[in-house]
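J.: Take the two lone chains, each set in its own frame, and fit them into one complex as the hints suggest.
Which chain is which? The protein sequence lines are A and B, in order.
All you need for the working numbering is the position in the first sequence, starting with 1, plus 527.
All you need for the working numbering is the position in the second sequence, starting with 1, plus 1268.
Read the hints as simulated data drawn from the structure, not as lab findings.
Remember, predicted model here, so these are calculated numbers, not experimental data.
Everything hinted at is true.
Here are some of the chain B residues that sit facing chain A, going by a computed Cβ distance under 7 Å:
1. His-1364
2. Leu-1376
3. Gly-1380
4. Asn-1536
5. Phe-1540
No more than 30 Å apart at the CA atoms, straight line, and that leaves these computed lysine-lysine pairs for DSS-like:
6. B:Lys-1361 / B:Lys-1436
7. B:Lys-1361 / A:Lys-734
8. B:Lys-1357 / A:Lys-734
9. B:Lys-1328 / B:Lys-1398
10. B:Lys-1357 / B:Lys-1436
Glycine residues also receive a C-beta, built at the ideal position from the N, C-alpha and C atoms.
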Amino acid sequence: MATESRTDPKGADAVSTLAARDEVAEARYHRVGFIVLFALLVVAPFVLYPVFLMKALCFALFACAFNLLLGFGGLLSFGHAMFLGMAGYVSAHAAKVWGAPPELAILAGTATATLLGVVAGFIAIRRQGIYFAMITLALAQMVFFFCLQAPFTGGEDGIQGVPRGVLFGVIPLTQSFAMYYTVLAIFAIGFFLIYRIIHSPFGQVLKAIRDNEPRAVSLGYRTERYKLAAFVMSAALAGLAGATKAIVFQLASLTDVHWGMSGEVVLMALVGGMGTVFGPVAGAFILVAMESYLTELSAWVTVVQGAIFVACVLAFRRGVIGELEAFLRRRRNRN
Amino acid sequence: MGISVPALMGQLLIGLINGSFYALLSLGLAVIFGLLNIINFTHGAQYMVGAFVAWFLLNKLGLGYWWALLLVPVVLAVFGVVIERLMLKHLYKLDHLYGLLLTFGLALILEGVFTHQFGSAGLPYSMPEKLMGGYNLGFMFLPTYRAWVIVASLVICLGTWFLIERTKLGSYLRAATENAPLVQAFGVNVPRMVTLTYAFGVGLAGLAGVFAAPIYQVSPQMGSSLIIVVFAVVVIGGMGSIMGSIVTGFGLGVIEGLTKYFYPEASNTVIFVIMAIVLMVRPQGLFGQR
Chain A
528 MATESRTDPK
538 GADAVSTLAA
548 RDEVAEARYH
558 RVGFIVLFAL
568 LVVAPFVLYP
578 VFLMKALCFA
588 LFACAFNLLL
598 GFGGLLSFGH
608 AMFLGMAGYV
618 SAHAAKVWGA
628 PPELAILAGT
638 ATATLLGVVA
648 GFIAIRRQGI
658 YFAMITLALA
668 QMVFFFCLQA
678 PFTGGEDGIQ
688 GVPRGVLFGV
698 IPLTQSFAMY
708 YTVLAIFAIG
718 FFLIYRIIHS
728 PFGQVLKAIR
738 DNEPRAVSLG
748 YRTERYKLAA
758 FVMSAALAGL
768 AGATKAIVFQ
778 LASLTDVHWG
788 MSGEVVLMAL
798 VGGMGTVFGP
808 VAGAFILVAM
818 ESYLTELSAW
828 VTVVQGAIFV
838 ACVLAFRRGV
848 IGELEAFLRR
858 RRNRN
Chain B
1269 MGISVPALMG
1279 QLLIGLINGS
1289 FYALLSLGLA
1299 VIFGLLNIIN
1309 FTHGAQYMVG
1319 AFVAWFLLNK
1329 LGLGYWWALL
1339 LVPVVLAVFG
1349 VVIERLMLKH
1359 LYKLDHLYGL
1369 LLTFGLALIL
1379 EGVFTHQFGS
1389 AGLPYSMPEK
1399 LMGGYNLGFM
1409 FLPTYRAWVI
1419 VASLVICLGT
1429 WFLIERTKLG
1439 SYLRAATENA
1449 PLVQAFGVNV
1459 PRMVTLTYAF
1469 GVGLAGLAGV
1479 FAAPIYQVSP
1489 QMGSSLIIVV
1499 FAVVVIGGMG
1509 SIMGSIVTGF
1519 GLGVIEGLTK
1529 YFYPEASNTV
1539 IFVIMAIVLM
1549 VRPQGLFGQR
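So that you can see chain B by itself, here it is in the shape it has in the complex (with noise of 0.2 Å):
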């Protein structure tokens, strides 16, 4: 079989890109469940979100991508934290069940709404003009914006490891995950930390819903089918570890990506038979403990 190099790279480029929104992602939901115990499973809904607050900046109020960038994450922790105050609060003492049919019931408000307002075609968000264009590399076109998105969105769940693994404020992040009560009883506001950890994790999908618009159409249903794959993504990694999620994010992508060129019927559904193997083999995921 002949291979193609430009057609392979493209493939592999995309993987990568869409292995960055697998990182971020199930980063937040990892980071959302070791503390809360609770699946988000409005994260989708939530990137949604976020995609929509860049595009409504952008044309209703003409404040351009790099605005978008620092407000849209603002603006979905703000809402994170008024869904954790008013809902999520009175569901730690029940059966986890709860929690993920809570935030599906509000990904379905959401979703709703939105295609209520928007309709279900897309709406294009232009890029901002420092990152159009590209780079030719020889053997492919790299363009600016995708490689922009990769590195961006490696720095943010590098940093968010380094912040939850290497420091202080994370210490007491982890020990909370382990053991709240007893943090607690060492003075820590634990209720105020669970807050700010859901706004954290929300505030990343809107992150990720800002890095998605220009290369994506900013649609109601983005997030719906996304954040399935990002499931199946969690239960292949395993929620234990940071760094296993973004490892399985961005690897699970180039699979991806590399399925696509290889074999097209099956880039689908690739990933979720990754998760059936990996269950048979190792059920607590690549990077879980039991």
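Isolated chain A, as found in the complex (with noise of 0.2 Å):
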């Protein structure tokens, strides 16, 4: 990039003021996104119904977390639940079996993702594109198979009457109140270490690997240890997601597992739109509102998820937001 701005010091000027306007703006627009953002979380609860919340924020961090692997990274995993409901059993686990405080059986639950985001990471990045969304849907049913044997993760049952414990030692979760803003906290500190990562000198070099990787090579990064940290951070943060959501639940199930729950995912990140900073959030809130409404009707479930990614592979691939920022990019542009 350095050298192109020495061979033509003009053009390159333009462009970067161009970018750098562009940049401001963008930071901009985020800034009051955050604001709208967190103003209406601290104040859904006096409205909406605070178990649909916490199920739609645990979905939304997951979400985002696979969002930085995807929109970021470029890698599309088709094995996310494993990180998600793993987590979700070990932090059941400990909290139900070994009496552990929730803040420390989310820790577990999140440590145990991270363990295994490094094992399938290191055997996922092997290879890229498409052969990279088989092999992690192939070892995430792998994992779906060792929670179905394992004698910790009760079977089709499923560890249920996980105690929420009381977080720290002071504040009690039983009320649901308490609850909401202990997840909303983690949701907070969830999205913005993505935020901030996206955005470090890391986050730059993960988008110049996803847009044009043999020349990140060429440039001298090593590409597979970028990839692999990626992989890692997004297990981790999806093991956060997904310990936090056993606990607010008090259930650790094989929804959680199954690759259903990795398709899901996928979906979420498809609707609100991939690669952008809201996107998931907003694809985690509809797809959990859509599922609540349309509870009885089970089967259908999975017909109107299918007719969603269709639809949106067709005609609406950058989403929800994708469309709002390519709508305001266009305004700016105009003035």
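T.: Written out as structure tokens, the structure is:
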């Protein structure tokens, strides 16, 4: 990139001022987005059902973690359920059997997902594109069978009746408001962490690898390491979401490690907008809302999900937030 | 450890049966991927639909197994043409991942509709009379139907291999896989070839569904768990070679059968473990080229 600016200083300057203007506008848009999002989330439990909100927030974090890998690393994982589900099982087991306080249970679940991410990532990053998706799917299926057979997961029943416990020994999480704001805090931490990661030098390299891997290699970056690091971070944050979810719903079950869950998180990112900051959050809220409306028609949920997949891929590839951003950019460029 | 020959042979036979399905399905995936650059996630659902169409033909129209063998691939191929013309053809210029996402969505739709219509419990499909019974080989009992499935799928696999590697039509196909615009410049109707290739792959999946109907219960979920294993098979074999898909499919089926005998706890996961090992040692797959 540096060499290009030397060969054509004038053109590059014009491009860079435009890019700088874009960046400033984008930062402003993100700041406004943050304020609106979190203001809404703080008052939301007074208007909406807290259980619905907590479910949506757990999935939003999960989808953001997934989007970190797909939207910014260009790696489509079709096995992210393994991190969500496995972390959920460990967190539930720690809270129920070992009697760990919620913060430690969640930490244990997250740590397990991170470790699993190191192993799975090490195997999966050996291939790209479609193969990467198939490999992660197969690895997740392996974890699914492990969870089905391992004694501590409770097989088909899962781990039920997990105690929510007392956070830091002072805040009893049995009250739904205390639980809600804890989940919101965890979501906020995860969300800002992802925001920092994608805007750090590391994130820039990741995007460069996504756009043109051979070029990144030729510039001297060990792309494998970057991809593995992104994979592990994504796994850890997905694990954080899963571990929290298990504590909130007092349940860890096979649903969360099933391939259907891996597909659902792909759909959330797709509907909201892959590679956007707020897209996965929007996608998670849309899908969780849709599912709670359609609960009585369980078979139709799959059909509707499938139809949304098809519609998004054929006609709506940028997703809700992606379309919104494109609209804002068009308007800005006109002015 | 004492080895019981009939039990071992029984598991080997089941392994060969599973291997036939892995081979048939991974073959279809490889043919489709070669020309369309799309991983057909709907493959498992199309296999399931194939079994259901066979069930439908028998129970609603009174057309038996042999008719099903003939009609189901045709029905599924027409279905494939519709999908390719309506949807897939818009995706060839985009990132390969969109093809995966679209076909995944289609798989969800099919599975959901059939679950809604028929429930999750399986429907029985009665075996054709001519293929009932079996042979006593002395050391084991060989059911005729299972022998038939293994032989028939082997013949179809080798036939497909011959069609693609040894005929003129196949040479067009291979050339288009290498460089489609150039083949089109020579006057070959490549878009039509793409459509027919997809139809052929889907027809193979439907045929596998007919083979499966009398052995397994015909259920909406029969495809989804199978297709994930087939993906692992494809990763292990690499999608570069037709013969590679066939050998890997049958081989992994046998390995799975042996695992079921010697260490049953690992029988569900052994193929995934092998996939991980192969990726460590030879990331491009056993028969793949870089």
